[in-house]
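Protein chains: 4
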Amino acid sequence: MTRGENNPIRVGVLGARGRMGATVVRAVEAAPDLEVVAALDAGDELSALTGARAEVVVDFTHPDAVLDNLRFLVENGIAAVVGTTGFTEERLSTVREWLRDKPGLGVLVAPNFALGAVLAMRFAQQAARFYESVEIIELHHNRKADAPSGTAAHTARLVAEARREAGLKPGADATTSEVDGARGALVDEVRVHSVRLPGLVAHEEILFGQEGETLTIRHDSMDRTSFMPGVLLGVREVLGRPGLTVGLENVLDL
Amino acid sequence: MTRGENNPIRVGVLGARGRMGATVVRAVEAAPDLEVVAALDAGDELSALTGARAEVVVDFTHPDAVLDNLRFLVENGIAAVVGTTGFTEERLSTVREWLRDKPGLGVLVAPNFALGAVLAMRFAQQAARFYESVEIIELHHNRKADAPSGTAAHTARLVAEARREAGLKPGADATTSEVDGARGALVDEVRVHSVRLPGLVAHEEILFGQEGETLTIRHDSMDRTSFMPGVLLGVREVLGRPGLTVGLENVLDL
Amino acid sequence: MTRGENNPIRVGVLGARGRMGATVVRAVEAAPDLEVVAALDAGDELSALTGARAEVVVDFTHPDAVLDNLRFLVENGIAAVVGTTGFTEERLSTVREWLRDKPGLGVLVAPNFALGAVLAMRFAQQAARFYESVEIIELHHNRKADAPSGTAAHTARLVAEARREAGLKPGADATTSEVDGARGALVDEVRVHSVRLPGLVAHEEILFGQEGETLTIRHDSMDRTSFMPGVLLGVREVLGRPGLTVGLENVLDL
Amino acid sequence: MTRGENNPIRVGVLGARGRMGATVVRAVEAAPDLEVVAALDAGDELSALTGARAEVVVDFTHPDAVLDNLRFLVENGIAAVVGTTGFTEERLSTVREWLRDKPGLGVLVAPNFALGAVLAMRFAQQAARFYESVEIIELHHNRKADAPSGTAAHTARLVAEARREAGLKPGADATTSEVDGARGALVDEVRVHSVRLPGLVAHEEILFGQEGETLTIRHDSMDRTSFMPGVLLGVREVLGRPGLTVGLENVLDL
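Residue numbers (the UniProt record's numbering), protein chains in the order written: chain A, 1 to 254; chain B, 1 to 254; chain C, 1 to 254; chain D, 1 to 254.
Derived from the structure by calculation, the hints contain no laboratory data. Just so it is clear, the structure is predicted and the values come from calculations on it, not from any experiment. Just so it is clear, CB atoms sit at the ideal spot from N, CA and C, and this is done for glycine as well. Treat the hints with care, as some may be off.
Below, computed lysine-lysine pairings styled on BS3-like, alpha-carbon distance capped at 30 Å [claimed, not checked]:
1. A:169 with B:144
2. C:144 with D:102
3. B:169 with A:144
4. C:169 with D:144
Partial list, derived from the structure: chain B residues whose beta carbon lies under 7 Å from chain A [claimed, not checked]:
5. 103
6. 129
7. 132
8. 133
9. 150
10. 173
11. 177
12. 189
13. 193
14. 197
15. 198
16. 202
17. 203
18. 209
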């Protein structure tokens, strides 16, 4: 996939003045096998991307703008790596529709580009059927509005599904006396606990247990630079993956 | 306090055939500065303790039996280390009353003899006033009936009290959207999260946070042998502490 | 694989009076789809296994006895699950040779039956190529003679191999001033740190890092009951796996 | 100590354009009971401090400059909080000498202003005499030059001293076969393990163990904002503490 320094992949960035976009620009520039050929933000003309002969465009913009961006990219045969939020099943269908007429063209939409978060979810899915019980603890700074985090809730659902497929029932729980909330939130039969403290950043821990042993998978994310290896991997991989791919886990070849 | 091998402290054990009592007998026998002079259980005559000239008696019996035991011990001038549960404020007053006529005689009643649990609580109290926020996670095997654990709830109250004394308000929490229970139980303004998994034993984690840093105090308890250093310390210290002492923390001289 | 309660798998146990063997007997008896038909130890006649029509035999005996046991089992068409240590490459070849004449018959030899330890190794292998750096911490009780533990050293080699296959060089390390030993042992280019403390049992932590994030995989083992799910899984799976299988990871279908 | 919003403490900052100094300026400005009256850097005249009637000056400058700064401050009766490194015993004696003629004036020199690091050390000292064994793990980003970290080495020495005072011998260690370095560095009889990974920041873990239980004290530091609560506490406390105080732990009143 890596094309090397003599023939770098030509990358455009949308939302280049936003915090994520700016970080993407720097990360692409630092990669020897990639080069930034266009860095645009709201108000700039998308035609600059075709003018610069971008092969892949990274979009960290806004739910209101991203569909228009994607239509332009698909029409012009430019692959896309999208981290913008707000993708409903309906929106994904629309993109799939557009791509039908463009065999060979790929779009990758991922809610989470942190490799560690994606790997943690994957390993949790794999471990799920071997353990009687599982619980999740996620810990974030105290400026976060939702509890549990989207990633933790998503992990809970993936783990619950893997357990059901293996014929496992919810783990035994002898709790008969509970102060309200002590045992956490129930997300698809999996208990999720949300800790909020200043000083924390973004952390998730999946704990599996059975008689005599526990297995813990933990991901600690410090800042948005942690998304860059995933974004760059997406840029390199999307060129070889026609059609719509949802979720970074699908390009990891685990 | 340690009297040494030539003049060991003469120890009696009540509840000696119970699991805790039997462990106490073995631990006392293994300590060079202590010796077991009587090991009794339900049905045995308490007079065996005076006959054996016990100086200190360790009581891990039953809430129904412990007060009668203590009255006998106090009347006969024998110091006591008590791990039996069920001590209400009223019961403690009764014991205090009995001790009034016995200057020099000591009784130690402690709900928790695990040194690490007691130290963790003490450190949590000391750290409380320096941090904006605090939360507690306790993790136990899934045969436990109550959530949160008594130790975690007690820690929460001690920490809350230390925060109030320092004029601290509850830590900021931006949660606006919560799946029921995600943010744990509120015990005296402190969030407590209870994890239950087979394979776990008894674990408590107190997390303090402020901008840029966190401090974590964690206690892991594997089995009842972990209570023995605290019981032995109590035996050695109670001889020098007249009156009623409640809580192992008061003999630690921190 | 599971045959169910009406037609349980007929299991024999060798080394049944040893600590592991006795635990195996209890675990097999507790499983509804398995039944113990023979429990033998040193001195007992192996013919009791054929007499009892055992289908699978679990062997936790001794390096001196295990090869004779295996020859008997293979000759009599009985599948085997072997946790006895001391299997060199030469011994494995011998067993493979014996099995050549018994198409359909399976033998599983595994150095570690703790599912969590095996999963942790597997996940570490999978994660290895996505991270710049990796280090391992293993923590055991202070009665352990070797450092690092065999499991940690094995994990280090698996991770190192996966990194080499991905073309990764050893992670950067700016250490210029080191108190001897601070940076741990170097096992096949991976740093391994061995902590020894009373109160610990057996714990392993594999830490992966790159700019802005870390991924941690941790296994905690409390006692030998933790090996039972792996042994039972082996019993169920070995009937469907002809030939010699080395390592529990190969029956997990990850 | 807190003087409140109507009568804020007048604070000067030296090294105000450096990274720590600039962070101090912002932190002081954000505190309602403190105000910045002078923010100087190399080349500025110290007389601006007296002109602005600074009561306390925070110095994060350079080992070459700090002694001249301190002489000026002491001569002018201005209290000082000093985070600049390079204080030898000789330098401390010099400052003590200067302060002899200024009863009532205080100077606080601290190598570490992270409250959590200071608390962790203090708790480790307190716990030391209750445990058979102790080991330290410190984890830092892989750009760090020294192993173990200064904080971990200092903690090891404090813990070792507390153990010696309690008459404890080094914890038992059954290791007979060791890959070089596996058991870490020996700092004053305490094992210290140094992990280096990108993605980590600065973390220290002190593990105490005895039969059946472990106690862990962990400090995680994310960035230099974590030093600010300690610096502000120093500013508030130094006004009431005449003479030279070395180490933030001495103003914590634990």
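Could you check if residue 129 (chain B) really has its C-beta closer than 7 Å to a C-beta on chain A? violated, 15 Å
Minimum Cβ distance from residue 197 (chain B) to chain A below 7 Å? Hint on residue 197 (chain B): holds, closest Cβ of chain A at ~3 Å, below 7 Å.
Given the hinted pair residue 169 (chain B) and residue 144 (chain A), is their alpha-carbon gap at most 30 Å? With a Cα-Cα distance of about 19 Å, the restraint between residue 169 (chain B) and residue 144 (chain A) holds, given a limit of 30 Å.
Given the hinted pair residue 144 (chain C) and residue 102 (chain D), is their alpha-carbon gap at most 30 Å? Violated, at about 59 Å.
Next item in the hint list is residue 132 (chain B). Is there a CB on chain A closer than 7 Å to its CB? holds, 5 Å
Hint check: is the beta carbon of residue 103 (chain B) less than 7 Å from a beta carbon of chain A? With a minimum Cβ separation of about 42 Å from chain A (threshold 7 Å), the hint on residue 103 (chain B) is violated.
Please work out if residue 169 (chain A) and residue 144 (chain B) have their alpha carbons no farther apart than 30 Å. At roughly 19 Å apart (the allowed maximum being 30 Å), residue 144 (chain B) and residue 169 (chain A) satisfy the hint.
Have a go at the residue 198 (chain B) hint: is there a Cβ in chain A nearer than 7 Å to its own Cβ? holds, 5 Å
Hinted contact residue 133 (chain B) with chain A - closest CB pair below 7 Å: With a minimum Cβ separation of about 5 Å from chain A (threshold 7 Å), the hint on residue 133 (chain B) holds.
Hint check: is the beta carbon of residue 193 (chain B) less than 7 Å from a beta carbon of chain A? holds, 4 Å
Residue hint residue 173 (chain B), partner chain A, criterion CB-CB below 7 Å: holds, 6 Å
Hey, does the residue 209 (chain B) contact hint survive, CB to chain A under 7 Å? This interface hint holds because 3 Å falls under the 7 Å limit.
In the structure shown, a violation is registered for the earlier hints numbered 2, 5, 6, 9, 12, 16 and 17, in ascending order.
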